[in-house]
Amino acid sequence: MAEYDFDTEGVKKTITFLNRKAPYGTIYALEVLESVLISAAFEQHANIVFVDDGVFQIKKGHDTADLEMKNFLPTYGIIEMEKEDADEDEDMDMNWRIIVEKESMEARGLTPDDFKVEVEVLSSAELADVLATSDAVIGG
Amino acid sequence: MLHTVNKSPFERNSLESCLRLAKKGSAILLLEDGVYAAMGGTTVSDKVASAAKDNSVYVLGPDMKARGLAEGQLIDGIKVVDYAGFVDLVADNDGVTPWL
Chain Z
1 MAEYDFDTEG
11 VKKTITFLNR
21 KAPYGTIYAL
31 EVLESVLISA
41 AFEQHANIVF
51 VDDGVFQIKK
61 GHDTADLEMK
71 NFLPTYGIIE
81 MEKEDADEDE
91 DMDMNWRIIV
101 EKESMEARGL
111 TPDDFKVEVE
121 VLSSAELADV
131 LATSDAVIGG
Chain U
1 MLHTVNKSPF
11 ERNSLESCLR
21 LAKKGSAILL
31 LEDGVYAAMG
41 GTTVSDKVAS
51 AAKDNSVYVL
61 GPDMKARGLA
71 EGQLIDGIKV
81 VDYAGFVDLV
91 ADNDGVTPWL
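Taken in order, these protein sequences are the chains called Z and U. Each step along the first sequence adds one to the number in the numbering used here, with nothing skipped, and position 63 is 63. Each step along the second sequence adds one to the number in the numbering used here, with nothing skipped, and position 75 is 75.
Chain Z extracted, bound-state conformation (with noise of 0.2 Å):
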């Protein structure tokens, strides 16, 4: 296996990872997710937000056993385990924050029980200061 030498002592960014497609019918939504998990390998601090339809993304109760496909909701549960995780550490520096667009959820008829995870619901203005403030956003 190749090695690879990643220099990133001391480096701590905010990343946004801004989720906009429903799963499933296209793949942003699966390489956003792969996005988030590498960024937990570098404990950077990320906000996970699902804006439009990608706040189907973390709707209960997917099953896609007869699509045959991942179904990634599980990843879900254990990237808020992390979160949790890290909340809790004091040793450890990586501030993570699952984000809602309020706007997007009522649109389409949902509220905070219908997520699989715990969220943070925050309004388009509150949601447009957390994107003017991040170091990088990753879009999908």
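Don't take each hint at face value.
[Stated by the list, open to error] Below are the DMTMM-like pairs computed for lysine to aspartate or glutamate, each with C-alpha atoms no more than 20 Å apart in a straight line: (1) Z:K102 to Z:D89; (2) U:K23 to Z:E82; (3) Z:K13 to U:D94; (4) U:K7 to Z:D53; (5) Z:K102 to U:D94; (6) U:K24 to Z:E118; (7) Z:K12 to Z:E118; (8) U:K23 to Z:D135; (9) U:K23 to Z:D129; (10) U:K47 to Z:E103.
Think of the hints as simulated: they come from the structure by calculation, not from any bench.
Go by the hints and put chain U onto chain Z.
Same frame as chain Z, but now just chain U:
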């Protein structure tokens, strides 16, 4: 922050979401099929014209030209940039938010 929109506003809601979530004073670049949002006389022109008052709105010239859009058809206040101008926008702004 530089926001980029590369989808037609008549096919996707990328532009709409960008305008809802970009803070006032942002730079917004319309490219690829996003350039159709820069045309005057469409159902989204008023929204884009209003956004151009609060933000700096740019359109990528080569993508416009490829689609037969002339500068005379652009909404007032939208600036045309070439590829070098695109690079300058990326370099001059603190990060890029892509609206795909």
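(request) Any hints from earlier that this structure breaks? Give me their numbers in increasing order, please. (result) 1, 2, 5, 6, 7
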